[in-house]
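**Q** Residue numbers (UniProt numbering): 1 to 683.
These are computed hints drawn from the structure, not numbers from a lab. A hint or two may mislead.
Restricting the straight-line Cα-Cα distance to at most 20 Å, the calculated cross-link-like pairs of lysine-lysine (PhoX-like) are [unchecked claim]:
{"id": "1", "residue 1": "Lys167", "residue 2": "Lys192"}
{"id": "2", "residue 1": "Lys117", "residue 2": "Lys192"}
{"id": "3", "residue 1": "Lys134", "residue 2": "Lys167"}
{"id": "4", "residue 1": "Lys157", "residue 2": "Lys134"}
{"id": "5", "residue 1": "Lys208", "residue 2": "Lys167"}
{"id": "6", "residue 1": "Lys208", "residue 2": "Lys246"}
{"id": "7", "residue 1": "Lys117", "residue 2": "Lys134"}
{"id": "8", "residue 1": "Lys192", "residue 2": "Lys175"}
{"id": "9", "residue 1": "Lys192", "residue 2": "Lys246"}
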Amino acid sequence: MSDVSLYQRNDAHQLVKQAKQSHDRGAAPSLATRQLQRDSQLASLPFDVLLCIADALRVQDIVALELTCQLLRDFVKSYSLNLRLASRMLRNSQPLPIDGFQRINELSPQVLQSVVKRGDRLQNGWNERRPELKLPYRTIPAPNGESIVWLSPITSKYTLCCTRTGKVICWDVVKSECVAEWHSGDDWEIWKCRVEFDERTVYFALAKKTEDQSESECQIIALRFPPEVEGLLQGEPVFEKLANFKFPGFVIGVYLLNPIQRLLSAYIYLEGATIGLYVLTDWDLPSYTYIDTGIPYLNQHDRPREWSCIGYDPTNLVIHDEDHGELHQYFYPYTLLESLSRSSPTQDLSISSTNGSTTRHGFPNTPTKLVPPQQTYTLKFPIEGSPFAAYESTSAHFVRQWWPTLPRLEGMKRRSCTIMLLSFEVPGPIPVVEQGQPVPNAPEYNYPAGTTLFTIAQHYFGIPSSEEQLRWWYVREPFEIVSSPGNPFPVDEEHAQQEQAQDDPPEQGEQPDGEPAPAPVPVPAPAPAPAPFIPFAAAPVGAVVAALAVAPQVQLPPNAAEIIQNGGVAQLFEEMMQQAEDDLDDGMHTHFSPLIAVDFGCAAWLEFVNPRTEDIRLRFVMFPPVYVDRAAADFDPLGSEVRTLETPEDVVLSNVCHIGLDQSQGTIILGLLDGSVYVLRYE
Numbered sequence: 001m002s003d004v005s006l007y008q009r010n011d012a013h014q015l016v017k018q019a020k021q022s023h024d025r026g027a028a029p030s031l032a033t034r035q036l037q038r039d040s041q042l043a044s045l046p047f048d049v050l051l052c053i054a055d056a057l058r059v060q061d062i063v064a065l066e067l068t069c070q071l072l073r074d075f076v077k078s079y080s081l082n083l084r085l086a087s088r089m090l091r092n093s094q095p096l097p098i099d100g101f102q103r104i105n106e107l108s109p110q111v112l113q114s115v116v117k118r119g120d121r122l123q124n125g126w127n128e129r130r131p132e133l134k135l136p137y138r139t140i141p142a143p144n145g146e147s148i149v150w151l152s153p154i155t156s157k158y159t160l161c162c163t164r165t166g167k168v169i170c171w172d173v174v175k176s177e178c179v180a181e182w183h184s185g186d187d188w189e190i191w192k193c194r195v196e197f198d199e200r201t202v203y204f205a206l207a208k209k210t211e212d213q214s215e216s217e218c219q220i221i222a223l224r225f226p227p228e229v230e231g232l233l234q235g236e237p238v239f240e241k242l243a244n245f246k247f248p249g250f251v252i253g254v255y256l257l258n259p260i261q262r263l264l265s266a267y268i269y270l271e272g273a274t275i276g277l278y279v280l281t282d283w284d285l286p287s288y289t290y291i292d293t294g295i296p297y298l299n300q301h302d303r304p305r306e307w308s309c310i311g312y313d314p315t316n317l318v319i320h321d322e323d324h325g326e327l328h329q330y331f332y333p334y335t336l337l338e339s340l341s342r343s344s345p346t347q348d349l350s351i352s353s354t355n356g357s358t359t360r361h362g363f364p365n366t367p368t369k370l371v372p373p374q375q376t377y378t379l380k381f382p383i384e385g386s387p388f389a390a391y392e393s394t395s396a397h398f399v400r401q402w403w404p405t406l407p408r409l410e411g412m413k414r415r416s417c418t419i420m421l422l423s424f425e426v427p428g429p430i431p432v433v434e435q436g437q438p439v440p441n442a443p444e445y446n447y448p449a450g451t452t453l454f455t456i457a458q459h460y461f462g463i464p465s466s467e468e469q470l471r472w473w474y475v476r477e478p479f480e481i482v483s484s485p486g487n488p489f490p491v492d493e494e495h496a497q498q499e500q501a502q503d504d505p506p507e508q509g510e511q512p513d514g515e516p517a518p519a520p521v522p523v524p525a526p527a528p529a530p531a532p533f534i535p536f537a538a539a540p541v542g543a544v545v546a547a548l549a550v551a552p553q554v555q556l557p558p559n560a561a562e563i564i565q566n567g568g569v570a571q572l573f574e575e576m577m578q579q580a581e582d583d584l585d586d587g588m589h590t591h592f593s594p595l596i597a598v599d600f601g602c603a604a605w606l607e608f609v610n611p612r613t614e615d616i617r618l619r620f621v622m623f624p625p626v627y628v629d630r631a632a633a634d635f636d637p638l639g640s641e642v643r644t645l646e647t648p649e650d651v652v653l654s655n656v657c658h659i660g661l662d663q664s665q666g667t668i669i670l671g672l673l674d675g676s677v678y679v680l681r682y683e
């Protein structure tokens, strides 16, 4: 039988499945097994032809071939085949569950085959059914009774966490012990963290506000892991301070673009409500570039834009921002940034800008040069007719393909993923009957008025982005997300009084007259949008830092655009600080931190089971694969199923203050108020 006829055989998958079932039952070789062995004569085919055939099979099909034919066992276990399968998974943006800092191209044939099998099993388990909690799960005790305010998995073996007192601790998850600790002092917070697998190093940026609140001091720290021999570290991980510098003014975000090349960037608020780009082209020198991009901070609806900064373009630093309706990418060549660099962030710039003028700002007190981007992409999302067109952006997460890959892997596209949290406040009651006649198109809700509903919108993008990538995928049914303990979503006072006045409220799922409740209509009509949010690091508010250490976001006042226009960004932050202090004096918390974790291909969050109840569950969703054609007419933007993950009985979900997610290992990490951490693996 020729390789062409076998490759085109329509019943090949069915034969493999029947043969595997016979093997699993321990039965004698079935007709399917004998037919597969006799007709295909796979063992007699050249090795490269077998590799081509394997390209048409799924991993589980290839595993079944190993079980059905002794002559094919060596082929299925071969290093070349499993390296080919690993490459295929990586091209599809599927991570491989390797241990620690192992390099894929250095794995033994046996280990590589095991990694490929487990990676395929994890992917199928999370996509096609609810994965099961793997016992025993691991716990990390509270470090000396301190509270953990940030944590992140660092490979499958280690977790990095930051305490409220500013300590950074590296935990060995397997041994459940601290293996390294760094403390720059109180008030320091982790802003950014990046793992470089080939370097066996974790880079992270710490920052704090200066005493006069006019600047942010920043440190670059490296956590270096020694080599491993037979799975054992040849020494302990070591922290190393690499650089120390200051950012002028109010910082939106910091980005470790390329730690190997010592390249870092940040966004700074400028008085004219535009974005200042602050770049360290080499933090060892240091070499600073500080310019005014002229890009407005607010979008066309006078709302903050969601920002990211991407450095993997070979020749450009790319500013990326988007909201629910538009995507923007701004390109700055590295050569241009280097030509504008200076040895001090506060040194006067004498170079004239493209329009012959140099702008100076009292906020921050550092001269900047107006340098528009050399290239700009502006693309609109097709949200007209979307069931969530009335929802507004609350926050956005931009995730790159962070996991280790193979060097010089052909056909490997570099993608990023946007996960946007959209919100909508349920409006007040709308009468469904008016003068005895039904009101046409009156929406009905199973959520009380004032409830904030959320959904997740997701898409992939590249550099530059293209029209084909601009199609959102949504979580089908909106949910009421859980926020960090101590920072609940505000419940309007009028609604709370109405609830209290009800003597005998109906049971869940019933109307007051005992009739079954109507099916929920989660898609709302347009209504006033919720207040916008900005990153926590941007607000130099000491009271907020002290009282809301677990909350990474601070709410802007509804008239933020008017305040900026009349008094500048400085006045905006002064009013925010005063409002925060007033709220704290009144015992109120007007800020919240949604408990959501994201990775490149999935998201997990805590949500309330029913409105106005305390029952909480852990939910997750998988995003459509990267190879799905979203431009196709049959693409379903509401296609995936949201599932619930089992949690241990001793984990009180209402006490969870942080949630992390590692897609490559199928791991959820829950940090509790008492400082303890639960590492839960699902397969």
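**Q** Which numbered hints does this structure break?
**A** Hints 2, 3, 8 are the ones this structure does not satisfy, whereas the remaining hints hold.
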